[in-house]
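Colleague: Each chain, written out:
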Amino acid sequence: MQNYDIVVIGGGPAGLAAAAEAKRSGVDSILILERDHELGGILNQCIHNGFGLHTFKEELTGPEYAKRFMDQVFELGIEYKLNTMVMDITENKVVTAMNKTDGMFQIQAKAVILAMGCRERPRGALNIPGYRPAGIFSAGTAQRLVNIEGYLPGREVVILGSGDIGLIMARRMTLEGAKVKVVAELMPYSGGLKRNIVQCLDDYGIPLKLSHTVVDIEGKERVTGITIAEVGPDMKPISGTEEHYSCDTLLLSVGLLPENELSKTAGVELSTITSGPVVNDALETNVEGIFACGNVLHVHDLVDFVSQEAQNAGKNAAKYVKEGREASGRIIDIKAVDGVRYTVPCTIRPDQMDDTVTVRFRVGKVFKNSAITMYFGDEQVLKRKKQIMAPGEMEQVIIDKKKLAEFGDISDITIKIESV
Amino acid sequence: MEVRNLTCIGCPMGCQLEVTIDQGTVVSVTGNTCKRGDDYARKEVTNPTRIVTSTVPVIGGKIAMVSCKTASDIPKDKIFACMEEINQVTVAAPVKVGDVILKDICHTGVDIIATKDVDIA
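The listed protein sequences correspond, in order, to chains A and B. Numbering of the first sequence is given in the numbering used here, commencing with residue 4 and proceeding in unit increments. Numbering of the second sequence is given in the numbering used here, commencing with residue 1049 and proceeding in unit increments.
None of these hints come from the bench; they were simulated from the model.
Taking lysine to any residue and the SDA-like style, the derived pairs with C-alpha atoms no more than 20 Å apart in a straight line are:
id, chain 1, residue 1, chain 2, residue 2
1, A, K371, A, I391
2, A, K197, B, T1078
3, A, K267, A, M101
4, B, K1126, A, E179
5, A, K239, A, V218
6, B, K1091, A, D206
7, B, K1126, A, G180
8, A, K197, A, Q399
9, B, K1124, A, G208
10, B, K1126, A, L178
11, A, K103, B, K1110
12, A, K197, B, K1091
13, B, K1110, A, Y154
14, B, K1144, A, E41
If you only want the chain A side, here are some residues facing chain B, beta carbon under 7 Å, derived:
id, residue
15, P66
16, G153
17, K197
Where chain B lies over chain A, by a calculated footprint (3+ residues, C-beta under 8 Å):
id, segment
18, 39-51
19, 199-211
20, 390-403
Note that the coordinates shown come from a computational prediction; the quantities given were computed from them, not determined experimentally. All residues carry an ideal CB built from backbone N, CA and C; glycine is no exception.
The shape of chain A in the complex, shown without the other chains (with noise of 0.2 Å):
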């Protein structure tokens, strides 16, 4: 068995940020585990630009931003396996993988990062009714083949979810001559970024219905119509709304999920919200010294916050594998009510926490005109308004060691939406 000081399972945005960074807080034995046949993840598909602008001050495509990473790890020298295949990681932190060249094998580390990132949710998923035919395509997919391989998996497009990617096909399909008829949301608000309804949808005139899902697909070989209708608060589809749009392609973009087959096997317990790990605010699971960053531990909108969320996995990651467990001290709960869906991490550590801490979190449904809060105990520090917040933009607040350290002995921290 080989033995490695870290193992980071995933070569995307969140495993190069935490490789590169434990590296700087002086961990040398680092070994990234990527499947694909090369770095930077789901970034290498997504040509789009929008990236960085919070990390290098500049606007990127996916690309450029994956190889400012892909470049820090080369110029630290960390060792990486592409075409790599992790099959399993034990409680002990027994990484065991499999590739072409090197068969199978098995690693000991002294600390797992889990940087597995998400898949997107599938038809399968959805209950939709009508037939099977080809055409039926997750916006992911078609961008891989766009952008990657490039075919156009189709002419004329009708497109269910609203999520960032959806929207963003919708604009590359039209820009290599496709006919995007209708993007169909069933939530009264779009699941992607407003810029991204601006600049994608607006800018070329496709309409998007919120409120609306699709009820049957049409085509036995390959799909010739999709019709959609609206749906009532009960999300049931409403009868005699029906409109039918001919049409050869339908993608999804429905959501992301969190991929954590490895983390079970591992014993990591997930939360039933994010499906993602459950982390302290090291951003350690309940498993000692498995620790946990990017998609695979909540799915994020920026990369730019997965890469800073990444890099304080790996420094801490560094810390564990340099100075062991500390000693256990007290844990303070974070608690997300009235309207906050999650947060990450979900416990702060007072004693051992670093002087400030990003809480992230998403909102449960669209609010206008209220305020993020926090609540040290039952005493509130912090009420932030905001014009408006929906579930499609990650939130934050930051706690401070210092304040807090000022409250005494609490045993939670409240994180709500409150009106204004």
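Got chain A sorted already, so can you dock chain B onto it with the hints?
Modeller: Same frame as chain A, but now just chain B:
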């Protein structure tokens, strides 16, 4: 006086902007978090522009396509003409990030540059 509400596309924050225009001149921009929002609003109501990103086939490369973009934003009404020109070119591997793929697209003075390294197969 005309007031237009825009969503800034400068970054994923998507600030809600309010632009006040008087006889074709921008009087004020509010709602922006940074200077980008101000710049975007002024441009959007007078001369809207966009960055265009696409792909072109690579001959002899490790992968089939290389991603590319306009080196800076171009007028919105030239996007489709720009795509037509992009769709007529191929490049030979190796390609490096920043390599010029097409010069002066649609007489905008803006080049199309590669956004990914592609090595020889």
